[in-house]
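Each chain, letter by letter, is given below.
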Amino acid sequence: MAQPEKKRYIEDEKKRQQRMKRIVFGGQIGLGILVIVLWEVLTRFEVMDPYYWSSPSTIYETAKVAFLEGTLWDDLVYTSLATLAGFAAGTLFGSLIGLSFWWSAYYSRISEPYLIAFNAIPKLALGPVIVILFGIGFFSKVMLAFLMTVIVTALAAHSGIKAIDKDLEKLLYSLGAKRRHVFTKVVVPTTMPWIVSSLRINIALALAGTIVGEFISSRQGIGRMILYAGQILDIDLVWVGVVVLSLLSMLMYAGTVSLEKLLLRGQEPKQ
Amino acid sequence: MYKLKVVDASKIFRRDGQEVVALQETTMQIPAGRFVSIIGPSGCGKSTLFNMIAGLIKPTTGKILLDGQNIVGKSGYVGYMLQKDLLLPWRTILDNVILGLEIRGVSKREARKRAQPLLERYGLKGFENNYPPELSGGMRQRAALLRTLLYDQDVILLDEPFGALDAQTRLQMQGWLLRIWEDFQKTILFITHDIDEAIYLSDDIYVLSHRPGKLKAKIHVELERPRREETLLSDNFISLKQTLLDLLREEPKDNGTT
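Chains as they are written, first to last, in full-length UniProt numbering: chain A, 1 to 271; chain B, 1 to 258.
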């Protein structure tokens with residue numbers, strides 16, 4: 001007599017993971033589309049007042065006009081460049097300040113409370129002073145973005161310095177290393193994950209700094225456009241500014257993530 | 001002529017206004033090519049002694065002579081390896097092993113070329129491009145020791161290098177270390193807690209006493225080389241073990257325990 005065939009259930013891990021990935025990705029796209037469609041429908045049937053809430057289609061049309069006939073493109077470039085310059089300078093200087101604390105325990109301990117105090121100052125409140133000092137041009141925006149990021153990075157790098165394994169330093173000295181060897185071969189790589197973990201926050205902070213700079217006084221930039229649109233009650237244009245800034249912010253965030261991968265080469269970011 | 005001489009070296013710290021003796025005046029004379037173990041309870045100043053020989057701390061009194069030259073307070077003259085492997089996690093095994101050469105100014109390419117055959121011969125073939133966390137504890141210790149070897153000093157200090165390994169791996173690593181020692185003719189100073197390990201590996205064993213650390217006895221190990229696992233069961237081995245056990249048992253207990 002033939003044996004009845006036994007049913008076998010084999011768990012396919014790869015298949016399950018792929019299935020999950022597909023569903024999640026589809027859900028993420030779907031949710032975004034749903035929000036935009038709801039926004040459009042609700043404003044079209046005036047459940048939400050289109051004067052205040054505008055609508056995706058109006059925003060799109062207004063943006064097209066602003067890009068093709070207005071100065072939106074130039075404003076976007078202006079804001080992006082100011083943000084990136086402030087971000088780069090802040091991160092670089094901040095890292096250098098943080099790393100420099102490794103060289104002397106006295107210097108490090110004496111300056112630490114000042115660093116924390118400076119971090120506590122709401123930098124945006126310094127905006128008017130910065131504009132008076134550096135004028136209403138490009139440089140004052142860069143300065144604000146720089147101020148927003150520099151201390152955060154310095155503090156992050158400082159935490160990294162404190163986490164260095166003393167035995168690693170000892171090992172290097174036993175191999176005949178000078179301080180500069182320990183610095184380049186142990187201190188910088190150990191601190192890198194801390195510095196990198198501050199990047200994602202920094203890019204958003206830098207953008208906020210630039211926008212506030214443009215709000216205060218500027219001839220160009222998305223921030224100035226939003227302020228101007230608000231003054232003439234062109235709310236559709238305000239929404240265009242907000243949407244463009246959000247897209248810019250997302251794009252910069254994605255860029256930061258690639259930068260992280262490049263800087264870490266296999267290490268994990270630390271908080 | 002002795003390779004390494006420790007002459008009346010001692011170390012005293014001042015802690016909370018009180019002088020704490022980590023190591024009393026100690027004298028050791030170690031001929032070239034010897035395998036010497038240092039054994040004693042924890043807190044007997046073994047690691048203090050090593051840190052002084054490695055030039056990482058200065059002795060309170062005394063001298064450390066390498067080939068007759070005083071190396072007190074000078075680091076980089078002897079190889080030094082600790083219980084932790086201390087491999088840099090962002091470097092591959094190969095790039096970890098060449099660290100000492102790099103510091104000395106050898107180019108990365110040249111250093112890699114020199115290290116490659118060593119890795120192949122001593123059991124790390126195929127792991128050159130792995131990162132340390134991907135390797136087992138034993139493999140990581142091999143890499144750490146090869147890093148010390150490649151730094152190429154005549155004297156190598158090993159501070160409980162196999163202390164964190166399981167018994168099986170430890171036995172394997174001991175055999176591996178003996179092979180390396182025979183191939184390279186280095187002078188090795190080896191700290192351990194493990195009496196079997198000390199006898200199995202060494203020519204001479206220095207016994208240190210409990211705090212304050214003091215040199216208590218020096219025992220010569222009369223066992224044939226090359227040593228095999230059968231050596232661990234020989235009469236000679238057992239009687240040496242008895243001697244060492246007696247020496248360590250005489251230790252006064254810590255205050256408060258009876």
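Mixed in with the good hints, there may be bad ones.
[What the hints assert, rightly or not] The following label-pair restraints were derived from C-beta to C-beta distances:
1) TYR114/A to ILE12/B: 54 to 64 Å
2) PRO89/B to ILE232/A: 55 to 65 Å
3) LEU92/A to GLY175/B: 47 to 57 Å
4) GLY43/B to ALA125/A: 49 to 59 Å
5) GLN116/B to LYS261/A: 53 to 63 Å
6) TYR2/B to TYR114/A: 32 to 42 Å
7) LYS261/A to MET1/B: 29 to 39 Å
8) VAL24/A to PRO89/B: 29 to 39 Å
9) GLU120/B to ARG19/A: 57 to 67 Å
10) SER104/A to TYR2/B: 52 to 62 Å
11) SER104/A to GLY43/B: 45 to 55 Å
[As the list claims (entries may be wrong)] Restricting the straight-line Cα-Cα distance to at most 25 Å, the calculated cross-link-like pairs of lysine-lysine (DSS-like) are:
12) LYS5/B to LYS185/A
13) LYS5/B to LYS170/A
14) LYS58/B to LYS170/A
15) LYS218/B to LYS185/A
16) LYS58/B to LYS166/A
17) LYS166/A to LYS74/B
18) LYS185/A to LYS3/B
19) LYS178/A to LYS241/B
20) LYS178/A to LYS84/B
21) LYS3/B to LYS58/B
22) LYS261/A to LYS108/B
[As the list claims (entries may be wrong)] Partner residues are not named here, just some residues of chain A that face chain B (Cβ under 10 Å, in silico):
23) GLU61
24) LEU171
25) TYR173
26) ALA177
27) HIS181
28) VAL186
Simulated from the structure, these hints should not be mistaken for lab results.
Source: prediction; values computed, not measured.
Glycine residues also receive a C-beta, built at the ideal position from the N, C-alpha and C atoms.
Hints and how they fare:
Between TYR114/A and ILE12/B, the C-beta spacing of about 38 Å breaks the proposed range 54 to 64 Å. A C-beta distance of roughly 58 Å is found between PRO89/B and ILE232/A, which places it inside the suggested range of 55 to 65 Å. Range check, LEU92/A to GLY175/B: about 52 Å between beta-carbon atoms, so the 47 to 57 Å window is met. At roughly 56 Å, the beta-carbon separation of GLY43/B and ALA125/A lies within the given 49 to 59 Å, and the hint holds.
Restraint check, GLN116/B to LYS261/A: a C-beta distance of roughly 29 Å breaks the suggested window 53 to 63 Å. Distance hint check for TYR2/B and TYR114/A: the Cβ-Cβ separation is about 55 Å, which falls outside the suggested range of 32 to 42 Å. At roughly 56 Å, the beta-carbon separation of LYS261/A and MET1/B lies outside the given 29 to 39 Å, and the hint is violated. In this structure the hint that VAL24/A and PRO89/B lie 29 to 39 Å apart at CB holds, the actual value being about 31 Å.
For GLU120/B paired with ARG19/A, a C-beta distance near 44 Å fails the hint of 57 to 67 Å. Our hint of 52 to 62 Å for SER104/A and TYR2/B is violated, since their Cβ atoms are close to 40 Å apart. SER104/A and GLY43/B have their C-beta atoms about 32 Å apart, which leaves the hinted 45 to 55 Å range violated. For the hint linking LYS5/B to LYS185/A, the alpha-carbon distance of about 33 Å lies beyond 25 Å, and the restraint is violated.
Only pairs whose Cα atoms come within 25 Å are accepted, and LYS5/B paired with LYS170/A is accepted, the gap being roughly 23 Å. The straight-line distance between the Cα atoms of LYS58/B and LYS170/A is roughly 14 Å, inside the 25 Å bound, and the hint therefore holds. In summary, the hint linking LYS218/B to LYS185/A is not supported, as the alpha carbons are separated by about 40 Å, beyond the 25 Å threshold. Proposed proximity of LYS58/B and LYS166/A is supported: the alpha carbons are some 18 Å apart, at most 25 Å.
Only pairs whose Cα atoms come within 25 Å are accepted, and LYS166/A paired with LYS74/B is accepted, the gap being roughly 18 Å. Restraint check for LYS185/A and LYS3/B: not satisfied, since their Cα atoms lie roughly 32 Å apart, outside the 25 Å limit. Of the pairs offered as hints, the one joining LYS178/A and LYS241/B is violated, with about 43 Å between alpha carbons and a cut-off of 25 Å exceeded. At roughly 22 Å between alpha-carbon atoms, LYS178/A and LYS84/B fall within 25 Å of each other, so this suggested pair holds.
As the CA atoms of LYS3/B and LYS58/B are separated by approximately 20 Å, the hinted pair is consistent with the 25 Å bound. For the hint linking LYS261/A to LYS108/B, the alpha-carbon distance of about 24 Å falls within 25 Å, and the restraint holds. A distance limit of 10 Å between C-beta atoms decides the matter here; for GLU61/A the minimum to chain B is near 51 Å, and the interface restraint is violated. Using the Cβ-Cβ criterion of 10 Å, the hint placing LEU171/A at the interface with chain B is satisfied: the shortest such distance is roughly 5 Å.
Hint status for TYR173/A: holds, given a least beta-carbon distance of 5 Å to chain B, under 10 Å. A distance limit of 10 Å between C-beta atoms decides the matter here; for ALA177/A the minimum to chain B is near 5 Å, and the interface restraint holds. Annotation: HIS181/A was flagged as interfacial toward chain B, and the flag holds, the nearest CB pair being 5 Å apart, inside 10 Å. The restraint placing VAL186/A at the interface with chain B holds, with a minimum CB-CB distance near 7 Å, inside the 10 Å limit.
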